[in-house]
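S.K.: The residues making up each chain are set out below.
4 protein chains.
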Amino acid sequence: MSTLPRTSRAAVLTQYNQPLEIRELEVPPLEPGAILVKVEAATVCGSDVHVFHGRFTQIAQLPLVPGHEIVGRIVQLGEGREKDAADQPLRVGDRIVWAYAWCGRCYYCTIARQPTLCPNAKMYGYGPCDVPPYLIGGFSEYAYVRPACHVVKTPEELDARVAASGTCALRTVVFAFERLGGLRVQESVLILGCGPVGLYALAMALASGAAKTIVMGAPRKRLALAEQWGAHHTIDIEEIPDASERKKMVLDLTEGRGPDVVIECAGPSAAFKDGLEIVRRGGRYVVIGQTDPTPISIVPSMINLRSIDIIGVASASVPHFYKAMQFLQNNQRRFSFLDLISNTYRLEEANIALQSMAQLQEIKPAILPS
Amino acid sequence: MSTLPRTSRAAVLTQYNQPLEIRELEVPPLEPGAILVKVEAATVCGSDVHVFHGRFTQIAQLPLVPGHEIVGRIVQLGEGREKDAADQPLRVGDRIVWAYAWCGRCYYCTIARQPTLCPNAKMYGYGPCDVPPYLIGGFSEYAYVRPACHVVKTPEELDARVAASGTCALRTVVFAFERLGGLRVQESVLILGCGPVGLYALAMALASGAAKTIVMGAPRKRLALAEQWGAHHTIDIEEIPDASERKKMVLDLTEGRGPDVVIECAGPSAAFKDGLEIVRRGGRYVVIGQTDPTPISIVPSMINLRSIDIIGVASASVPHFYKAMQFLQNNQRRFSFLDLISNTYRLEEANIALQSMAQLQEIKPAILPS
Amino acid sequence: MSTLPRTSRAAVLTQYNQPLEIRELEVPPLEPGAILVKVEAATVCGSDVHVFHGRFTQIAQLPLVPGHEIVGRIVQLGEGREKDAADQPLRVGDRIVWAYAWCGRCYYCTIARQPTLCPNAKMYGYGPCDVPPYLIGGFSEYAYVRPACHVVKTPEELDARVAASGTCALRTVVFAFERLGGLRVQESVLILGCGPVGLYALAMALASGAAKTIVMGAPRKRLALAEQWGAHHTIDIEEIPDASERKKMVLDLTEGRGPDVVIECAGPSAAFKDGLEIVRRGGRYVVIGQTDPTPISIVPSMINLRSIDIIGVASASVPHFYKAMQFLQNNQRRFSFLDLISNTYRLEEANIALQSMAQLQEIKPAILPS
Amino acid sequence: MSTLPRTSRAAVLTQYNQPLEIRELEVPPLEPGAILVKVEAATVCGSDVHVFHGRFTQIAQLPLVPGHEIVGRIVQLGEGREKDAADQPLRVGDRIVWAYAWCGRCYYCTIARQPTLCPNAKMYGYGPCDVPPYLIGGFSEYAYVRPACHVVKTPEELDARVAASGTCALRTVVFAFERLGGLRVQESVLILGCGPVGLYALAMALASGAAKTIVMGAPRKRLALAEQWGAHHTIDIEEIPDASERKKMVLDLTEGRGPDVVIECAGPSAAFKDGLEIVRRGGRYVVIGQTDPTPISIVPSMINLRSIDIIGVASASVPHFYKAMQFLQNNQRRFSFLDLISNTYRLEEANIALQSMAQLQEIKPAILPS
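Protein chains in written order, with my numbering: chain G, 1032 to 1401; chain S, 1032 to 1401; chain X, 1032 to 1401; chain P, 1032 to 1401.
One chain only, chain G, in its complex shape (with noise of 0.2 angstroms):
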């Protein structure tokens, strides 16, 4: 191990709404516990163009290195980390991902058993990095995994961008049907929005075994993913733009009574109210999607008289991160999850990623820093 690298190459955010730089960060010496990597793949996530707007400066913390989606391999391990999650065994050269750093002694990681709720949590691609460790950030050579992230092996056949991609929107899902409590018997699902969160959502339907799925969202070019991925269903909202007959649409496609199950991965407060208003009578609503801060009207009594569920879901912990590489792995030849990653920059291009993710052209644009 006497070639360690001494610097990374990243792509940073040095001010809102201007162009990241490419800079030689320094590679911190490693934590008992921490890992070094080398990033194999970083996707790009909605996340990141609303770091890169300035609408996340509550957490974000200028100058940053962006990216939260990242694989990497590793480099160096830290003194007493010797097994991933799984209880297997790691060693130089193995293939990780890892979850965000939550504190593991407070009230939301110990007693409500709900870390992701974690106040404390350390999370990567909102910097700073120009304090120790530094590479916190997918966009970049090398990153620092901290002693207190949960890592996970990540199986070599996969993609490199695909197991990345895997690492937000995927996991996420997992956790959301963790919190649905999955799917019953042959339900039928309403996925609102396409994009890689509704597009993971519907694989995970499928593979779950709902009789019917369809996806409601645009453009067509995800939607024809959807169908190729095998939703019995897709409604385009730009061909189909008013909201009370693409609901009649549904009931046509539902006997009449709206979906069992919707699952929200769209964004816009509208398509919340969308999803309340078409779900089912006594069916299940999860919203996973909903970033928009414009309010909106709804009537409450639609949840009571309707006797709706609405299940709230955010992030994922570590045994998402697990389940979220096993199912990559075990549904690869089901789903062509490579069809994702609509296109591959290199590092020295971030800002086109990211510029063509904020303009809509992308599924999920991926890095490769090296």
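The set of hints was computed from the structure by calculation and includes no laboratory data. Keep in mind the model is a prediction, meaning the values are calculated, not measured. Treat each hint with caution, since some may be false.
When chains are identical, the list treats them as one kind, so a pair holds in a single copy or across two.
Claimed, not checked - Once the Cα atoms are required to be at most 27 angstroms apart in a straight line, the calculated DSS-like pairs of lysine-lysine come out as:
(1) LYS1304 x LYS1243
(2) LYS1279 x LYS1114
(3) LYS1153 x LYS1114
(4) LYS1069 x LYS1252
Once you've looked at the hints, dock chains S, X and P against the given chain G.
M.R.: Quick look at chains S, X and P alone, frame taken from chain G:
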């Protein structure tokens, strides 16, 4: 059985917003499986006031006898009706309550196993009383229990008015606790609203082992009853009209996190929003009380980013009637249920009862028709 | 409807262990709500063999027509029977399956909402056939669907024998997955037994997204079908008669921990014990198959010290019939369900079918009565 | 903090079945995150007797200080240990209890989220006390709380002996109620065994709103305490030694069906079988108490044909410690928890306490080491 009644005196609504008229209605011949009961007590529900005001014209049919909270004694048993839902023998003179007549054959009754969503349910208190079997409202000497109504024998130890009050507010609370999955050990519970639903929710929360209960509502007199029943804290919304101040009070009482469980039993749309904002991150929010058609603005991302479960509950089915009667019997020494009954009226005073209820002068008025 | 049949040819068991006799049974007049069907196919269950051998004398009544796995077409609809359980209209000629007649009024039907435990259930295939309505067994040209039986329309695309086979083994598996709470994402599943219940459990596990499925049983031919359907591993108990060796094989396939879920569909008491010892600590163990009255020694502390859940499942109710038919239709391209049907017999060959089943020469034989 | 202790007097087991010896053990230096506490009270568990008798040699290591039910006051806080699991600040002098040290990194801690199954757990009361950190048993003046142990501040209002007793029996009962999914409204509960686990299970059942509680066990004195706490019925197994007679008594108390829930807290294998046969069809059976290695004969088809759920529970994790302390505090006026403490001993009398426990002369003896 030679002296069966031929007619039943009843308070009849012939025009919305006009006084009920006392009429003699025909006692119909008994179908197999039906039951004729002499009404011991009927209590008045907020829905009766809505019916009176013509707000439920899509389900109500004039002329009608109001009242769906009823306890009575068996006068005659239709052929083949030998036992109650708990396999107890039924005999003339027995005191019973009964559930709405669900069809037992539709998708919601059979496959979804959600009979409260049965579109073919035949209810009580919504008329019409000019076609057989006429006697399907509580403000009447006699009532006709349809063959499809499951019945539950009712303990003799209970005051008839208390038993009647349990057939709507309490049985819904029983179902709400079932849908909630019960309280976990030592949870904190905020109850929004202190009408009969809120007060029964309080009693159920205390009897289920809540570590802390907070009741928010008005007027003071009802809150005083909540305190007498054991509420740890009450917040008077007339004294503290500012929602954000009330929220702060609740946070101060719940280690700054908010209650584990919020149960909305209030009614106005604004109450729904209050609960959504107060429940702790990762908590559960049961919505029972909403009847307000007024839209309200919310930011849906509060649901997923705060990882909340929202559970809508309406009505209940026969197991909940059974459990409600057991609950009243087994907890009447702990909670002075009779204090819920704010006034007792004769059948001829049904108008006064309704008016008094409409003017929020009552918790739960009772009518003793005989 | 002028040409309704007066009699139905049926295979009748008049004495235990004696050959069935072909007789002409009277077709009874139709009560309101009842249905007369022409039997398309009846499949033979292990229970039919037990009835034949006189092991179920506490519920069976001679003379009887065996067969409770039945699909038929409507010949005549009793008054008032207009829709199936899923609200689909019923017409003469429609293909249906139906559930046992639960009373719908007892504690288990109403309050516990566990109709499979109804003590008043009227079953099919257990006789007697010499009192009305006579036609309550599947080995017959016609069958009489009681008014209390919920019915489910059955897809035309299905082979009648497959549909019939779904009415016992598969609908029980559907209920088992409900009781289990479904599979969680990427669980490993061991299935004990590879008769029809085991094979349908395999199909359901695969369709529900199991990461790994292992089927343990015999003979080889059935295991070959399991492999064809997608079982990841099979273990032949005839080849590996030593339970501890089999346990070791399973541990080797499940990271040394044992499977997350074990589903017992085997029958002998020893199989129960095997599952108890193999399931991983903290895992779930579904017991469906036990019919063996032989006691077996276990050490109960294995249950708590290993923190296991054991879930006993028997029979099923109408939602499970409905889901079973949906499952067959939606998965028939993935699984060659018809390969379950080991032989097809005419009504006159019913004895051969029973004997062949008794001698373990069959997976699932079918009888086509017409 | 100049006057930290250098040694701790402790009762040490040096040979199985030989009297404990009072020795002075070294107080180790504090690792970061560790805590030194002065033991206020240690209560004696049945497991301590098993350790004494050499039945747990696979986990116990001589010499050892027995005692894992401990409450103490903070003498010194290791660096970085600032808050308890509920985010309350920790200061010298605070009273705390703590959970076993799970590794927090293995499959069971992270992916299965079942830390009670962690194979790397470091327990208290099982030694060895001749290697650092020495002070890992309760029969000692001081105890060393490992950095990995989650701690919970303990209410000052509680008697120290009661608090100590809550750290094993009660916290396991809390976990059992969690695994059970809580009681549903108005369920009947049979508790097998009336040692500390059984008595705490009774208190929890009552506090959770059980409609009826039956405690079956011996001796009479413990049953008297159960009655004092509110048990509706008790059955003395010394008076009624015949299991079938006891079963009949329970059926008579539960409408002939058997209890909805049975909680086994007894120990002998025969008790497991009793519960299996008594629980109502479709009921739930929680097994906590089994430690008996004696096999027992059962007929497994009782599980599926009677549609029972069996839930095995062992130990508990930090949320359950927290809830246990809350439960004691919030219910101490309702239940005289101190009556569980059958005798109080000085450290020098630890042998007497153990012997007295071994001879079933105690419910729960306490040792006050200072």
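S.K.: From the Cα coordinates, with 27 angstroms as the cut-off, is the pair LYS1279 and LYS1114 best called within, between, both, or neither?
M.R.: Between. Shortest inter-copy distance 24 angstroms satisfies the 27 angstroms Cα cut-off; intra-copy 52 angstroms does not.
S.K.: Is it within a copy, between copies, both, or neither that the alpha carbon of LYS1304 lies no farther than 27 angstroms from that of LYS1243?
M.R.: Result: close within a single copy only, 22 angstroms intra versus 34 angstroms inter.
S.K.: Up to 27 angstroms between alpha-carbons, please classify LYS1069 paired with LYS1252: within, between, both or neither.
M.R.: Neither: 33 angstroms inside a copy, 50 angstroms across copies.
S.K.: When no copy is specified for LYS1153 and LYS1114, does a C-alpha distance of 27 angstroms or less occur within a copy, between copies, both, or neither?
M.R.: both (21 angstroms within a copy, 19 angstroms between copies)
In this structure, only the earlier hint numbered 4 is contradicted, and the remaining ones agree with it.
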